[in-house]
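Trainee: For the record, the sequence lines run as chains Z, S and V.
End of the first sequence = 262 in my numbering, gap-free, step of one.
End of the second sequence = 571 in my numbering, gap-free, step of one.
End of the third sequence = 1008 in my numbering, gap-free, step of one.
Worth double-checking, as some hints may not be accurate.
Computed Cβ-Cβ distance ranges for the label pairs, DEER-style [as the list claims (entries may be wrong)]:
#1 Arg417(S) with Asp13(Z): 45 to 51 Å
#2 Ala665(V) with Val194(Z): 51 to 57 Å
#3 Ala427(S) with Asp704(V): 50 to 56 Å
#4 Pro671(V) with Ala175(Z): 39 to 45 Å
#5 Asp60(Z) with Gly712(V): 43 to 49 Å
#6 Arg805(V) with Gly488(S): 40 to 46 Å
#7 Pro539(S) with Ser61(Z): 45 to 51 Å
#8 Arg413(S) with Asp60(Z): 49 to 55 Å
#9 Leu848(V) with Asp60(Z): 24 to 30 Å
#10 Asp704(V) with Gln518(S): 50 to 56 Å
#11 Glu525(S) with Gly218(Z): 27 to 33 Å
#12 Gly488(S) with Met2(Z): 43 to 49 Å
What the hints contain is simulated information worked out from the structure, not anything from laboratory work.
Being a predicted model, the structure only gives us computed values, none of them experimental.
A virtual CB, placed ideally from N, CA and C, is assigned to each residue, including glycine.
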Amino acid sequence: MMKVAVLVEQVWDPVSIELDAVSGAIDWSRAVAVSGPGSLEAVELGLSLGDVSAYGLGVDSVEDLLRLCLALGAGRAVEAPDVYAIAEAIRREPLDLVLVPNRSGDQSASRLGPTLAGLLDVPQATGVEAVRLAGAEAVVMRRLDHGEREELALLMPAVIAVEPDIARPRVATPAALIAAQNVEIPALAASKLVPRLSFLGVEPPRPAPPRMPAPDAGLPAEARMAAVVAAAAAAPHRELVSGSAEEVAERIVQVLEERGYA
Amino acid sequence: MRAVIAWVEGDPEIMGDAADLAEALGVPAWGVAAGTDPAALAAAGSERIFMIDGPYDATIHSAAIASICVTPLVMLLPGSANGSDLAPRLAARLGAACLLDCAWLRPAPDGLQAARWAHDDRALERWQVPEGATLVATLRPRSRGAPRPRRRQPRIERLQVGGKAPGSRLLRNLPADPRSVGVADADRIVAAGLGIGSPDLLPAVQNLADLLGAALGASRPLADRGWVPFHRQIGTTGQQVSPGLYVAIGVSGATQHMAGIGEAETVVAINTDPGCPMMARANLAAVGDAAEVVPALQRKLRQLHGAQA
Amino acid sequence: MSGPAYDVIVVGAGPAGSAAALVAAQAGSRVLLIERGEYAGSKNVSGAAFYAPQVLEALLPDFWRSAPVERHLIRRVISFVSPESSVSVDFATARWDHPPYNGFTVLRPRFDRWLADQAVAAGATLLPETVVDGLMRDGAGQVVGVMTRRPDGDIEAGVVVAADGVNSFLAKEAGLRGELRPDEVSLGVKEVIALDRRTIEERFALTGDEGATHDYVGSITEGVKGGGFLYTNRESLSLGVIVQIASLAEHQTRAYDLIERFKAHPSVAPLVRGGRLVEYSAHMVPEAGFSRLSKLYGPGILVAGDAAGLCLATGLYLEGINFAIASGVAAGETAAEAAASGQATPAALKAYRSRLEQSFVLRDFRRFRRAPAFVTSERFQNVYPALVTSLAERALASRGQPRSKLMALALEELRRAGVPAWGAMRDLWRGGRAFGW
Ligand SMILES: Cc1cc2nc3c(=O)[nH]c(=O)nc-3n(C[C@H](O)[C@H](O)[C@H](O)COP(=O)(O)OP(=O)(O)OC[C@H]3O[C@@H](n4cnc5c(N)ncnc54)[C@H](O)[C@@H]3O)c2cc1C
Ligand SMILES: Cc1cc2nc3c(=O)[nH]c(=O)nc-3n(C[C@H](O)[C@H](O)[C@H](O)COP(=O)(O)OP(=O)(O)OC[C@H]3O[C@@H](n4cnc5c(N)ncnc54)[C@H](O)[C@@H]3O)c2cc1C
Ligand SMILES: Nc1ncnc2c1ncn2[C@@H]1O[C@H](COP(=O)(O)O)[C@@H](O)[C@H]1O
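Isolated chain Z, as found in the complex (with noise of 0.2 Å):
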């Protein structure tokens, strides 16, 4: 039987997130801890492929969590501070394989995967579609920009970080979840190699501007006038065209082919 480690995570629902406009704050007494998503369904691949061991990490707490990875069937379920514990207390595991999600809550790239791939020096797969095995190795398709895929095969033991549509959670029975209520769940230490980096708040969003191009000033006067030239040219240009439609959709598919579109 495969060993799995899975990483599910309780994450802040982006919509419970209210931000006053003036001072910034979030109003923290109406946030929403929900589980993260890819969670679950990182538990559900896991059960498909072996025997899982649930590690949970993320805010608030992540017990909750944790019972209904055993109630769906995880052998085992393990509260952690950071992913650094994670790593230290794995490590030392024979293990086939670890999911992870790949989105944090509000859907941005987690760091979570890579992290402790990096940490334990195995292979890594981020934005994993599908997984299948093949012997010692598995088979993923992974999600590139703009609607590419590439697949991978990647030697166990491995780190894969899944999509939220890897697969549909099963729904636990009454009694699991019960009898999981019942069950102690044990906290791994902090780890002490967590990177130092200290939160200074949060404030509304102000994106940092677009880059004003001003010329390099050791150019020449004359190099210098044609960087501002040339920067006012990099900026979109409006081009009119009207006439018939054909004349039109003419114009139209020159400026495609130009810019390589077409």
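Since chain Z is already given, all that's left is putting chains S and V with the ligands on it; use the hints.
Mentor: Chains S and V with the ligands only, in chain Z's frame:
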């Protein structure tokens, strides 16, 4: 800090960020070219360039980059699929902190400050990187524009991959299937607005999208009316996109819609009103009736495809 | 295995269900409390006034010390409003300012969760995120358990307590009640508006944890039968309208528009100004009164709270939480006894009805049985509020002219409103019977 290093996969935007930050910190900016033309990195301000050959592999790239790292440093990557794959692994190898999806980084009295997008863009989280610590960060791609031109004569070296075996074997690459790709992922989008008049024109618009290898998008009223599925809606309450090509057919360009099209490189607008905001934003503003221009475009593109085949 | 896994299964962890589970567990029964929401209270309309907390005090002495209550009520204001003006009866008493308190405002998601936790602390097992889909019955038609929407989801029990709220699908399936008619249910639409503590205390003349309730009748609902309310929480206001569904349809108005107009009314707007909307919800309220109570029990099953129609909507105010808790207590006691004796027959469960008869629950229902019809009558809803405000305006306005005496003005106003004096007398009598005696 001893250096700012950018890992550049395609778009040199991130090299510009590294050069800007390095200048502010008074340290050199280096670039790792992963299948990018080193000349683009040089023009964007890289003072040393390391080239890595072969397809992207997290194990190889993290090991190779770790070998050139002089800590403490700042390592910047684009928040692309591969950038987000590599950054945390590299941070784990370097014992560095890692921040994904940053909006900006700037020097601060005791080190460095960074802001990252959080809670589905409802907020920016501000973080302090202490003096002497190493940071690996990804920046949201296509949000800060082309690098400021800088003239450098960088030394170009080939990075030795060394004893490390790749962690993965590439079996095959699958191109995007525009019909199944969500608009958020598509590099080309053909979007329809109320100007198409009725859902009867939608099959023609879909066909036009197919001919261009584009995904179909729409303004909110179309999604509200059920003419297109909700996940094809673009805008603040729909999908945020940043495609290379955006063709807007009968879309007026309300701010809630424009907020969704980000840094689209080429915008072609087809509209009867030359003065509407979408036409003002467009690179090519085509004045015409969608019901006529779309079929004309279909014909011309079919001819073109026929000629190529 | 001998017998079912649970003595008592309670469906629905609202105030009725949690109280039933708590009491049955305290009596030593093995209790399973099933809730479809993610946690108890997660599906409940937030912000409410909990009147007559004595019912809970008896179960959990000094509960308010640890329970998440917002403010204790020292002021009740009832206003009759016309489009521009209002006349209020404002009752405030210092006697309610110390224990035993006379009522609290609560935020339901927090309060319900706390109450369910008390049931768990007493030994009940809570199974959240689980929907009950049907009843299990034996050959004789006796209810012997519930079916949940989960794999292997059938769970057996000696007694089932249906505390599943206003739409009680279980009471219907057990044949204890029929579908409610549109004129027997109301729609409650509620908002929670965040406002800082100091502002609330200033605007409502409160100090510390003192709280107030305001109820409104008249043009607030624009001719639609119903009323409006406004309660003070610690750092927010709960406000909303409760309107008859049939009347809403008749006036082709959306409840949402009513709440907007309610907030804009000159007597409400200054109270909510500057607040931030943090929650919006809509929920049904049974409003049929005593005449339409469901049958309270059947073989193997008891019905409590809103599920049984035990919610008193007088139009002036809405009381359901206290009835839900009191009926839950009676159901829990009865269920525990029946399970212990192994006799969940109607004869044994009949004790539930006697308990309710003895408690304030059915007494109040009987006493106020005429209130709903009276309060939703056309005159009470639309004619009198306009009349009273106009009367007050004429009596109080200073126009530099001789003023008439009140009775003369009243008769004149009645004439203008087209209400014959004898009609008004009759309404006075009816109102007296509904509320006074
Ligand atoms: C809170 C909020 C959130 C919103 N979020 C979004 C969102 O996420 N996405 C979104 O798209 N909208 C959103 N909207 C709606 C937005 O404000 C606009 O109403 C909407 O984008 C307009 O859609 P449109 O351009 O298709 O229609 P219109 O504004 O009606 O524009 C139709 C355009 O078609 C042109 N036209 C007319 N006839 C023809 C023809 N025969 N041929 C060619 N062109 C023609 C017209 O000149 C016009 O420019 C939001 C609104 C609100 C209030
Ligand atoms: C807008 C509004 C304002 C109100 N204000 C007040 C007030 O100020 N004071 C007051 O005393 N009363 C008020 N009420 C009335 C009060 O809310 C109800 O009378 C009270 O909640 C009834 O409690 P209950 O336990 O019977 O039902 P509920 O509180 O409705 O609880 C039923 C529970 O059962 C669960 N459930 C339902 N079906 C199933 C199923 N099939 N399987 C599993 N679980 C299920 C539900 O999720 C819910 O948690 C108000 C009502 C409304 C709508
Ligand atoms: N419940 C909370 N209350 C207050 N601050 C919080 C809460 N949860 C998270 N934060 C803040 O948000 C920061 C980022 O959270 P995280 O991304 O979970 O590390 C934390 O360091 C906290 O300071």
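Trainee: If a hint holds in the structure, say so; if it does not, say that too.
Mentor: A quick look at each hint next to the structure:
no.: 1; hint: Arg417(S) with Asp13(Z): 45 to 51 Å; verdict: 50 Å, holds
no.: 2; hint: Ala665(V) with Val194(Z): 51 to 57 Å; verdict: 56 Å, holds
no.: 3; hint: Ala427(S) with Asp704(V): 50 to 56 Å; verdict: 55 Å, holds
no.: 4; hint: Pro671(V) with Ala175(Z): 39 to 45 Å; verdict: 43 Å, holds
no.: 5; hint: Asp60(Z) with Gly712(V): 43 to 49 Å; verdict: 46 Å, holds
no.: 6; hint: Arg805(V) with Gly488(S): 40 to 46 Å; verdict: 43 Å, holds
no.: 7; hint: Pro539(S) with Ser61(Z): 45 to 51 Å; verdict: 48 Å, holds
no.: 8; hint: Arg413(S) with Asp60(Z): 49 to 55 Å; verdict: 52 Å, holds
no.: 9; hint: Leu848(V) with Asp60(Z): 24 to 30 Å; verdict: 25 Å, holds
no.: 10; hint: Asp704(V) with Gln518(S): 50 to 56 Å; verdict: 41 Å, violated
no.: 11; hint: Glu525(S) with Gly218(Z): 27 to 33 Å; verdict: 29 Å, holds
no.: 12; hint: Gly488(S) with Met2(Z): 43 to 49 Å; verdict: 45 Å, holds
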